[in-house]
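**Q** Sequence:
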Amino acid sequence: MKLLTHNLLSSHVRGLRPGGGFPLQIQASEVRVRPVPFNAAFVARLVPRLRWAALLQAAESLGHPSELPPEPAPDYEGDEPFLRRVHHVLLEVEVLEGVLQCPDSGRRFPISRGIPNMLLSEEEA
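The sequence shown runs 655 to 779 under our numbering.
No lab work stands behind these hints, which were simulated from the structure alone.
Predicted model, so just to flag it, every value in this text is computed and none were measured.
Where is the CB? At the ideal position from N, CA and C, for every residue including glycine.
Each hint should be verified, as a subset may be incorrect.
[Stated by the list, open to error] No farther apart than 16 Å at their CA atoms in a straight line, the calculated lysine to aspartate or glutamate pairs in the EDC-like style are these: (1) Lys656 to Glu714; (2) Lys656 to Glu778; (3) Lys656 to Glu751; (4) Lys656 to Glu725; (5) Lys656 to Glu684.
[Claimed, not checked] Ranges of calculated distance between the beta carbons of each label pair, as one might list FRET restraints: (6) Arg705 to Leu750: 20 to 26 Å; (7) Glu777 to Pro691: 42 to 48 Å; (8) Gly768 to Gln711: 16 to 22 Å; (9) Arg688 to Leu662: 31 to 37 Å; (10) Leu662 to Val685: 15 to 21 Å.
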C-alpha cells in the first residue's frame with residue numbers, strides 16, 4: 655500500500671463521529687522502497703488534494719519523513735526538489751505487511767502483500 659492510497663482511506667465502522675475514521679494509524683511489519691518514474695506535473699496535481707497532516711504523520715510513522723515541510727509552499731508547482739520528496743513518500747514507499755488501525759473505534763484492518771483489507775462484517779457496517 656502506497657502512502658497515496660493511505661491518504662485516501664478511512665474507516666467506515668458504524669457509529670463513528672463524522673470524520674472519525676481518519677487518518678488510519680499504520681503499524682507496518684514490512685516496508686519497501688521501490689523506485690517509480692518521477693512525473694512533476696502528476697505530483698503537483700496531487701498536492702492540493704492531499705490531507706497534508708495525515709501524510710506527514712504516515713511518513714514519520716514509517717521512518718520516511720523525507721524532509722517534508724509542515725505545509726506545502728504556495729509556489730510548490732515549480733519546486734522540483736519539493737515535488738521529488740513528495741513523490742518519494744507518496745509513490746515509492748510501500749507498506750507490504752502490517753495493520754491499519756481506526757483512531758476512533760480501534761478496529762484493525764490487515765495489510766497483506768501491499769493490499770489493505772477494509773471489509774467490514776455485517777455488524778460493523
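**Q** Indicate, hint by hint, whether the structure satisfies it.
**A** Evaluation of the provided hints:
At most 16 Å may separate the alpha-carbon atoms for a hinted pair to count; Lys656 and Glu714 meet this at roughly 14 Å. About 26 Å separates the Cα atoms of Lys656 and Glu778, which puts this hinted pair outside 16 Å; it is violated. Between Lys656 and Glu751 the CA atoms are separated by roughly 12 Å; this keeps the pair inside 16 Å, and the hint holds. A threshold of 16 Å between alpha carbons decides the hint, and for Lys656 with Glu725 the separation of about 20 Å lies outside it, so the pair is violated.
Distance check on the hinted pair: Lys656 and Glu684 sit about 12 Å apart at the alpha-carbon level, within 16 Å; holds. A hinted range of 20 to 26 Å for the beta carbons of Arg705 and Leu750 is consistent with their spacing of about 23 Å. Checked against the given bound of 42 to 48 Å, the beta carbons of Glu777 and Pro691, roughly 44 Å apart, stay inside it. The hint said 16 to 22 Å for the Cβ distance between Gly768 and Gln711, and at roughly 20 Å that hint holds.
Take Arg688 and Leu662: their Cβ atoms lie about 20 Å apart, and the range 31 to 37 Å is violated. Take Leu662 and Val685: their Cβ atoms lie about 19 Å apart, and the range 15 to 21 Å holds.
Comparing the model with each earlier hint shows violations of hints 2, 4, 9; every other hint is respected.
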